[in-house]
Amino acid sequence: MSDRLSRLFTEYGQSPWLDNLKRSYITSGELDRVRASGIRGLTSNPTIFQKAIQGSDEYTEQFKALISSHTSTIESYWALVLQDIHGALDVFAPLYESSGGLDGFVSVEVDPNLAHQGDLTLIAARQLDERVNRDNVMIKIPATVEGIPAIRAMISEGRNVNVTLIFSLERYQQVMDAYIQGLELLATSAPQKVSSVASVASFFISRVDTDIDRLLESNGSDAAIALCGTAAVNQAKLAYQMFEKTFSGKRWSELLKHGAHVQRPLWASTSTKNAKYPDTLYVDALIGPNTVNTLPDVTVEAFSSHGNLALTITKDIDQANTQWSQLKDFGVDVADVAARLEREGVKSFQNSFDELISVLTAKATELNQ
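The UniProt record's numbering puts the first residue of the sequence shown at 1, with every later residue one more than the last.
Read the hints as simulated data drawn from the structure, not as lab findings. Note that the Cβ used here is the ideal one computed from N, Cα and C, for glycine as well. Don't take every hint at face value.
What the hints assert, rightly or not - Listed next, the in silico BS3-like pairs over lysine-lysine satisfying Cα-Cα at most 25 Å (straight line):
1. Lys315 - Lys328
2. Lys51 - Lys273
3. Lys273 - Lys315
4. Lys245 - Lys257
5. Lys51 - Lys64
6. Lys363 - Lys64
7. Lys315 - Lys276
8. Lys257 - Lys193
9. Lys347 - Lys51
10. Lys273 - Lys193
11. Lys193 - Lys250
Stated by the list, open to error - If you anchor each label on the Cβ, the simulated ranges turn out as follows:
12. Ser348 - Leu238: 22 to 28 Å
13. Asp57 - Ala310: 41 to 47 Å
14. Lys273 - Asp32: 28 to 34 Å
15. Glu254 - Asp119: 27 to 33 Å
16. Ala362 - Leu120: 25 to 31 Å
17. Lys250 - Lys363: 53 to 59 Å
Turn these sequences into a full structure, and let the hints guide you.
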């Protein structure tokens, strides 16, 4: 394998993470090899675990033991998931230590059915963090309106958070504000803990192009078609400008006195969904310092093979602003797109979670007969 993944970090300050996890990665030693290739962390979600658990017999023995000990189906799910999470945390712990807490994180998501119930999300996130009880875990919380207070509260308690399912610039600003507010509360109650808190804000990239391209194609004009494949990258570039502005100035300087870390933008959903686009588009175009790109296996392989290394996240900002503004001229309401994508993203994770619980329930019934 090439050294492109390692060079993303050493030359450009971007941390590539893996967007996948399954039991065989740990038992085979594959995850150790992945880390050695330059991957600096790992993200998971309910869809990833649904595919892993339903698609493998490696979980059967553990599940049988859980059911025979009268463990509930939902608790069995978490036992299966957290064994994988702990295995991944072990693999990345040395990197967490050697990087001074910059990388080496593994993310696990709260029950997605709580996405619109802020109080219950906070309870579940706390419990999950305490159950895992590892310095290099990040608890994933959706960036719904209801999730923002939970994110702020988790940060104020000194816990690491991966804010997921961000689709709009407005919501991204709310996420950054919640992080800073949380750190300010923590600085008041336990200033010595500020330097140990880490967070990322996960922008979902390819889904934005999929949805906006559909609207542009329905317009059909040459000018509209010319904007296809630009929206996702442009929005990410504008988000990065917001990131640089937010994590500077007097307010942030006060937190820096306590050793605060910026909340890094994380580019998620970075495999291209349109075959007409280069398979490394959402890596090549979004490289820059203090960022994370979480890559599914196929994109890891593609970028390692033929990705392009260059500082790109700060390039052509005027063009990004212009093209992003032009979308409304062709009937694209970016606020409506973001709201729809958030609903669909939450629903997709809920469906994966619920389907897997249903399958496990059926298997438990069979075993108890």
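Right, here's what the structure says about each hint:
Only pairs whose Cα atoms come within 25 Å are accepted, and Lys315 paired with Lys328 is accepted, the gap being roughly 23 Å. Only pairs whose Cα atoms come within 25 Å are accepted, and Lys51 paired with Lys273 is accepted, the gap being roughly 19 Å. With a C-alpha separation of about 24 Å, the suggested pair Lys273 and Lys315 falls inside the 25 Å cut-off, and the hint holds. For the hint linking Lys245 to Lys257, the alpha-carbon distance of about 18 Å falls within 25 Å, and the restraint holds.
Distance check on the hinted pair: Lys51 and Lys64 sit about 19 Å apart at the alpha-carbon level, within 25 Å; holds. Simply put, Lys363 and Lys64 have alpha-carbon atoms about 9 Å apart, close enough for the 25 Å limit, and the pair holds. Proposed proximity of Lys315 and Lys276 is supported: the alpha carbons are some 23 Å apart, at most 25 Å. In summary, the hint linking Lys257 to Lys193 is supported, as the alpha carbons are separated by about 12 Å, within the 25 Å threshold.
Distance check on the hinted pair: Lys347 and Lys51 sit about 16 Å apart at the alpha-carbon level, within 25 Å; holds. Between Lys273 and Lys193 the alpha-carbon distance is near 41 Å, which puts this suggested pair outside the 25 Å criterion. Taken as a hint, the Lys193 and Lys250 pair is honoured in the structure, with Cα atoms around 21 Å apart against an allowance of 25 Å. Restraint check, Ser348 to Leu238: a C-beta distance of roughly 25 Å satisfies the suggested window 22 to 28 Å.
The hint said 41 to 47 Å for the Cβ distance between Asp57 and Ala310, and at roughly 44 Å that hint holds. Judged by the Cβ atoms, the range 28 to 34 Å given for Lys273 and Asp32 holds: they are separated by roughly 30 Å. Against the hinted window of 27 to 33 Å, the Cβ-Cβ separation of Glu254 and Asp119 comes to about 30 Å, which satisfies the hint. For Ala362 and Leu120, the Cβ-Cβ distance of about 26 Å falls inside the hinted range of 25 to 31 Å, so the restraint holds.
At about 57 Å, the CB distance of Lys250 to Lys363 agrees with the hint of 53 to 59 Å.
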